[in-house]
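Assemble the complex: chain A is given as a structure, and chain B must be docked to it using the hints.
What follows is each chain in one-letter form.
2 protein chains.
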Amino acid sequence: MQIAIGLYPGFTALDAIGPYQVLTQVPGVEVVLCAAETGRLSDDNGLLHLDIEHTFAEVDRPDLLLVPGGFITRKLARDRDPIVGWIASAHEHTTYTTSVCTGALLLGAAGVLDGLEATTHWFAYDELATYGATPTERRVVQQGKVWTAAGVSAGIDLALTLVAEVWGPEVSQAIQLGIEYDPQPPYDSGAPSKADPAILELVRAISAEKEAAVRAG
Amino acid sequence: MQIAIGLYPGFTALDAIGPYQVLTQVPGVEVVLCAAETGRLSDDNGLLHLDIEHTFAEVDRPDLLLVPGGFITRKLARDRDPIVGWIASAHEHTTYTTSVCTGALLLGAAGVLDGLEATTHWFAYDELATYGATPTERRVVQQGKVWTAAGVSAGIDLALTLVAEVWGPEVSQAIQLGIEYDPQPPYDSGAPSKADPAILELVRAISAEKEAAVRAG
Chain A
134 MQIAIGLYPG FTALDAIGPY QVLTQVPGVE VVLCAAETGR LSDDNGLLHL DIEHTFAEVD
194 RPDLLLVPGG FITRKLARDR DPIVGWIASA HEHTTYTTSV CTGALLLGAA GVLDGLEATT
254 HWFAYDELAT YGATPTERRV VQQGKVWTAA GVSAGIDLAL TLVAEVWGPE VSQAIQLGIE
314 YDPQPPYDSG APSKADPAIL ELVRAISAEK EAAVRAG
Chain B
134 MQIAIGLYPG FTALDAIGPY QVLTQVPGVE VVLCAAETGR LSDDNGLLHL DIEHTFAEVD
194 RPDLLLVPGG FITRKLARDR DPIVGWIASA HEHTTYTTSV CTGALLLGAA GVLDGLEATT
254 HWFAYDELAT YGATPTERRV VQQGKVWTAA GVSAGIDLAL TLVAEVWGPE VSQAIQLGIE
314 YDPQPPYDSG APSKADPAIL ELVRAISAEK EAAVRAG
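Chain order of the listed sequences is A and B.
When the letters of the first sequence are read in order and numbered with this note's numbering, they come out as residues 134 to 350.
When the letters of the second sequence are read in order and numbered with this note's numbering, they come out as residues 134 to 350.
Bound conformation, chain A alone (with noise of 0.2 Å):
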């Protein structure tokens, strides 16, 4: 089986290595990451560069495909980036066809979301409607064969929920237990329902911020 984690300049690291980290410790798959070009490839720090091997072209048949978000994201769908074009295309032939956070709004440009429950990061449900997708707040929404997470980490549940599904229970189990993946974050503030009204504000008006920049930029 080979997995293919499509990237883009300003994709979130998490939101792709979270499920990385799970996947790559499947026994016996291939996972591939993949840009519209080889060479460096950095997150949306900028902090972050990766050394690309793998074009979209070369890895046109992937069984299960992973994008991960990012605010590039909507100008990305708009500008109808590279990878829009090969996830429609990929999409025909995959067994799973996923994303994590705003890699919704791809999936969305792509025309995979359509009719469809899904979800993304809390921050862009309206955006992911507008692609005939039905927002929800599950962390990890599956449609056949489409799954999508919500925000961020969010992605280690979808690959970990994944894994159980295709490769059986114990096989996720035993990940979980290789990455002690056993959570304890100081507050439970990782929702728009459990956060506080003043901190969901904040972040929201940060988000807001950031954006803009990218949309102007």
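Keep in mind the hints are simulated off the structure, nothing from the lab.
These numbers come from a predicted model, not from an experiment.
Be aware that one or more of the hints could be misleading.
Copies of the same chain are indistinguishable here, so a pair counts whether it falls within one copy or spans any two.
[As the list claims (entries may be wrong)] Here are the computed lysine to aspartate or glutamate pairs in the EDC-like style, where the Cα-Cα straight-line distance is at most 20 Å:
1) Lys327 x Glu303
2) Lys343 x Glu163
3) Lys208 x Glu344
4) Lys208 x Glu225
5) Lys278 x Glu250
6) Lys278 x Asp196
Relative to the frame of chain A, chain B by itself:
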């Protein structure tokens, strides 16, 4: 405040990227990824290739130092890899010296853990004790300025806890909401005390194999 994440060939990706995703969201901090040499550096899967821009020599006085783990840490510790000297020297001036997973073994080799409680991946408790540390099963262990986290994914919890201490609970909560860290793994198998005994044995056997391969390599 300068935060240095010290890397080496064979590091485990999520060990570094979990805390990186949290710490890069703190307003006004400088996060630097550094290694013994600039240029290409690959993770323990040999699939993720980073382009490193800063050497340890350039980042010799970080305020906060974080070292991720990997199966190769035992070998690096034994061989007195350059990262060990960097930790020992930088630690004299840090405000916080921290590790994730078996990064603790490198802190140990640098003499940082002698006489302290500490944690690491559950598979490496015995090795940790050889450095004068008292291994504990807590997910994040705070001993003055020396903080250690359990395996792989525990770095996210360490970083959020550290942010709460240094920048305040509101900043930690805002970042948690920003990365939508509201964990919902499909099983509760993330710690040896919670996992099915058969799963624990399986992961122990796989880990022993991987470690032996790295020792031999």
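- [ ] Any hints from earlier that this structure breaks? Give me their numbers in increasing order, please.
- [x] Those not satisfied come down to hint 4.
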